[in-house]
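Q: Mapped onto our numbering, the consecutive letters of the sequence shown carry residue numbers 37 to 449.
Hint data in this document are derived by calculation from the structure and do not stem from the laboratory. The reader is advised that the hints may include incorrect statements.
[What the hints assert, rightly or not] 30 angstroms max Cα-Cα, derived DSS-like pairs, lysine-lysine:
id, residue 1, residue 2
1, Lys-389, Lys-344
2, Lys-182, Lys-148
3, Lys-426, Lys-410
4, Lys-426, Lys-74
5, Lys-172, Lys-190
6, Lys-389, Lys-276
7, Lys-312, Lys-344
8, Lys-410, Lys-444
9, Lys-234, Lys-74
10, Lys-56, Lys-148
11, Lys-276, Lys-176
12, Lys-276, Lys-312
13, Lys-172, Lys-59
14, Lys-389, Lys-234
15, Lys-148, Lys-176
16, Lys-313, Lys-341
17, Lys-389, Lys-399
18, Lys-426, Lys-341
[To be verified] Here are the computed distance ranges between Cβ atoms for each label pair:
id, residue 1, residue 2, range
19, Ser-250, Gly-343, 25 to 35 angstroms
20, Arg-218, Pro-103, 25 to 35 angstroms
21, Asp-263, Ile-173, 23 to 33 angstroms
22, Gln-415, Glu-267, 55 to 65 angstroms
23, Asp-430, Asp-105, 33 to 43 angstroms
24, Asp-263, Ile-435, 48 to 58 angstroms
25, Lys-410, Val-346, 16 to 26 angstroms
26, His-115, Gln-279, 41 to 51 angstroms
27, Gln-51, Val-365, 19 to 29 angstroms
28, Lys-410, Pro-103, 46 to 56 angstroms
29, Asp-430, Gly-343, 24 to 34 angstroms
Idealized CB from N, CA, C, for every residue including glycine.
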Amino acid sequence: MLSKIDKIKVDDIDQLLFTKHTKGSSRLLIYFSSADAKNIQGVSKFSPYDTDILFVRDPRRGWYNLPIDGLSSDADELHDQLERRIGNYPRGSITTSGSSMGGYAALLFGIKLGVGRIVSVGPQIVLHPEIPHSPKIPVKYNDLSKLIETKTEKTQIDIWYGAESGLDLYNILRVRNTGSVRLHAVPGAMHNILSTFKRRGQMESFFEHTATGSNFSVPEQTVRNADIIVEAAHKFFREKNYQDTIDTLLPVADDICLSAVYFLIGNSHFRMAQYKKARVFFERAATVSTKNYDAHYYLGLALVKLGKDVAAERSFARGLETYPSPNGVRLAKLASAQYRIGSFEDAINNHLKVVELDSRQTKSHFELGVMFMKLGRDQEAMMHFSHHHKSQPDFLPTIRKLTQLRKKIASDA
Numbered sequence: 037m038l039s040k041i042d043k044i045k046v047d048d049i050d051q052l053l054f055t056k057h058t059k060g061s062s063r064l065l066i067y068f069s070s071a072d073a074k075n076i077q078g079v080s081k082f083s084p085y086d087t088d089i090l091f092v093r094d095p096r097r098g099w100y101n102l103p104i105d106g107l108s109s110d111a112d113e114l115h116d117q118l119e120r121r122i123g124n125y126p127r128g129s130i131t132t133s134g135s136s137m138g139g140y141a142a143l144l145f146g147i148k149l150g151v152g153r154i155v156s157v158g159p160q161i162v163l164h165p166e167i168p169h170s171p172k173i174p175v176k177y178n179d180l181s182k183l184i185e186t187k188t189e190k191t192q193i194d195i196w197y198g199a200e201s202g203l204d205l206y207n208i209l210r211v212r213n214t215g216s217v218r219l220h221a222v223p224g225a226m227h228n229i230l231s232t233f234k235r236r237g238q239m240e241s242f243f244e245h246t247a248t249g250s251n252f253s254v255p256e257q258t259v260r261n262a263d264i265i266v267e268a269a270h271k272f273f274r275e276k277n278y279q280d281t282i283d284t285l286l287p288v289a290d291d292i293c294l295s296a297v298y299f300l301i302g303n304s305h306f307r308m309a310q311y312k313k314a315r316v317f318f319e320r321a322a323t324v325s326t327k328n329y330d331a332h333y334y335l336g337l338a339l340v341k342l343g344k345d346v347a348a349e350r351s352f353a354r355g356l357e358t359y360p361s362p363n364g365v366r367l368a369k370l371a372s373a374q375y376r377i378g379s380f381e382d383a384i385n386n387h388l389k390v391v392e393l394d395s396r397q398t399k400s401h402f403e404l405g406v407m408f409m410k411l412g413r414d415q416e417a418m419m420h421f422s423h424h425h426k427s428q429p430d431f432l433p434t435i436r437k438l439t440q441l442r443k444k445i446a447s448d449a
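Model the full assembly from the supplied sequences, consistent with the hints where possible.
A: Okay, here's the thing in structure tokens:
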């Protein structure tokens with residue numbers, strides 16, 4: 037149907053917009069890429085389905101509100117672009133979808149365009165520079181709550197979110213669950229809902245549901261005391277009032293019994309340097325959901341503060357088991373714990389991965405230098421100390437190590 041629209045420019049824009057035409061299709065999907073997308077997302081995933089698809093990407097991570105060079109100057113212009121491109125396509129036959137930043141865009145533009153279906157995965161409802169997964173500057177459409185309330189009844193919204201993610205709870209629980217707005221809390225999922233579906237063998241069924249409207253259902257988590265969770269999360273994320281966060285959640289935490297709630301209490305204690313108390317609640321969070329990778333990671337951080345590196349190493353390792361993508365920061369914490377407990381082989385292997393993943397983790401070069409020096413591998417030690425010295429030229433321990441190595445290598449020559 038897209039190819040038959042007259043007077044509508046549907047030319048693709050490299051890395052920003054791609055159109056898939058399907059002969060005889062009576063459905064259109066508009067799919068928005070997430071913030072970490074290095075290329076347009078979803079092309080291969082949706083290729084098997086007889087659906088016209090418009091793929092959109094915002095490489096500047098502006099949540100489709102800020103300028104996208106070559107496409108739009110702001111969200112309103114992007115809306116106008118999309119409206120021109122879909123032309124006379126029946127709005128009831130259009131679905132918008134995406135994950136995280138893409139899920140936010142699916143809601144914003146789906147409602148403004150008046151489409152028939154919106155399938156949004158882990159969207160941000162509220163955007164603020166101090167909230168994680170938000171643009172670093174204020175934007176026009178910074179709260180979709182009212183927009184969702186005023187949508188046409190003809191638009192069916194389904195929002196899938198991670199029941200174990202405090203940030204997902206903060207965003208999604210401010211939306212009312214009604215007949216035409218359905219909230220689906222996925223148990224055992226963090227913000228990585230799609231990764232969770234993939235791990236459980238449900239990914240293809242979910243994408244088919246998104247593209248064609250086929251049936252899709254999974255067990256869902258009951259979330260109690262939504263208003264209290266939103267209030268406490270606001271105190272944590274926006275007000276940075278960690279004691280109030282604890283005081284709000286502690287009386288109801290065991291009744292709610294969500295890993296994300298215990299994690300918010302633990303993280304509040306952690307931010308106030310109360311590491312023993314933080315450990316207790318991180319352990320509860322990790323027990324309630326073993327898939328809460330943030331609980332394992334922050335438990336590791338608390339254990340390091342308490343001088344318990346062996347236990348910290350185990351926690352960092354568990355946290356990486358279900359983390360959705362390679363992460364240099366978190367892997368560096370594991371490698372450093374292994375370095376401190378003397379597991380040099382594991383530490384070296386992981387630190388080498390870290391420096392490939394994230395050049396900012398310069399401490400990895402220092403610890404690699406120390407381990408290689410102890411193992412008598414002087415040339416490798418020299419290389420890593422040199423890398424560290426370039427990033428931190430005034431760090432005296434590295435200067436001393438380089439001086440020692442140069443003298444040793446010269447004497448061995």
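Q: State for each hint whether it applies.
A: Outcome of the hint check:
1. A distance of roughly 24 angstroms separates the Cα atoms of Lys-389 and Lys-344; the hinted pair therefore holds under the 30 angstroms criterion.
2. In summary, the hint linking Lys-182 to Lys-148 is supported, as the alpha carbons are separated by about 12 angstroms, within the 30 angstroms threshold.
3. Annotation: proposed proximity of Lys-426 to Lys-410 holds, straight-line Cα distance about 22 angstroms (limit 30 angstroms).
4. The straight-line distance between the Cα atoms of Lys-426 and Lys-74 is roughly 29 angstroms, inside the 30 angstroms bound, and the hint therefore holds.
5. At most 30 angstroms may separate the alpha-carbon atoms for a hinted pair to count; Lys-172 and Lys-190 exceed this at roughly 34 angstroms.
6. Between Lys-389 and Lys-276 the alpha-carbon distance is near 34 angstroms, which puts this suggested pair outside the 30 angstroms criterion.
7. For the proposed pair Lys-312 and Lys-344, the alpha carbon gap of about 11 angstroms is at most 30 angstroms, so the pair holds.
8. A hinted pair counts as satisfied when its Cα atoms are at most 30 angstroms apart, and Lys-410 with Lys-444 qualifies at roughly 13 angstroms.
9. Under the criterion of a C-alpha separation no larger than 30 angstroms, the hint pairing Lys-234 with Lys-74 is consistent with the structure, at around 20 angstroms.
10. For the suggested pair Lys-56 and Lys-148, the alpha carbons sit about 23 angstroms apart, so the restraint of at most 30 angstroms is met.
11. The hinted pair formed by Lys-276 and Lys-176 meets the criterion: a straight-line CA distance of about 23 angstroms does not exceed 30 angstroms.
12. For a cut-off of 30 angstroms, the pair hint linking Lys-276 to Lys-312 stands: about 20 angstroms separates their Cα positions.
13. The straight-line distance between the Cα atoms of Lys-172 and Lys-59 is roughly 42 angstroms, outside the 30 angstroms bound, and the hint therefore fails.
14. Restraint check for Lys-389 and Lys-234: satisfied, since their Cα atoms lie roughly 25 angstroms apart, inside the 30 angstroms limit.
15. Between Lys-148 and Lys-176 the alpha-carbon distance is near 14 angstroms, which keeps this suggested pair within the 30 angstroms criterion.
16. Restraint check: the Cα-Cα separation between Lys-313 and Lys-341 comes to about 12 angstroms, which is no more than 30 angstroms; the hinted pair holds.
17. Pair hint Lys-389 plus Lys-399 holds up; C-alpha atoms about 13 angstroms apart against a cutoff of 30 angstroms.
18. Taken as a hint, the Lys-426 and Lys-341 pair is honoured in the structure, with Cα atoms around 29 angstroms apart against an allowance of 30 angstroms.
19. Roughly 54 angstroms separates the CB atoms of Ser-250 and Gly-343, a value that falls outside the hinted 25 to 35 angstroms.
20. Here the CB-CB span from Arg-218 to Pro-103 is close to 34 angstroms, well matched to the stated 25 to 35 angstroms.
21. Under the hint 23 to 33 angstroms, the C-beta atoms of Asp-263 and Ile-173, about 30 angstroms apart, fit the expected range.
22. About 58 angstroms separates the C-beta atoms of Gln-415 and Glu-267, a value consistent with the hinted range of 55 to 65 angstroms.
23. Range check, Asp-430 to Asp-105: about 39 angstroms between beta-carbon atoms, so the 33 to 43 angstroms window is met.
24. Roughly 57 angstroms separates the CB atoms of Asp-263 and Ile-435, a value that falls within the hinted 48 to 58 angstroms.
25. Restraint check, Lys-410 to Val-346: a C-beta distance of roughly 20 angstroms satisfies the suggested window 16 to 26 angstroms.
26. Our hint of 41 to 51 angstroms for His-115 and Gln-279 holds, since their Cβ atoms are close to 42 angstroms apart.
27. Against the hinted window of 19 to 29 angstroms, the Cβ-Cβ separation of Gln-51 and Val-365 comes to about 27 angstroms, which satisfies the hint.
28. Under the hint 46 to 56 angstroms, the C-beta atoms of Lys-410 and Pro-103, about 52 angstroms apart, fit the expected range.
29. Evaluation of the 24 to 34 angstroms hint for Asp-430 and Gly-343 yields a pass: the beta carbon distance comes to about 28 angstroms.
When held up to the earlier numbered hints, the structure conflicts with 5, 6, 13, 19 and fits the remainder.
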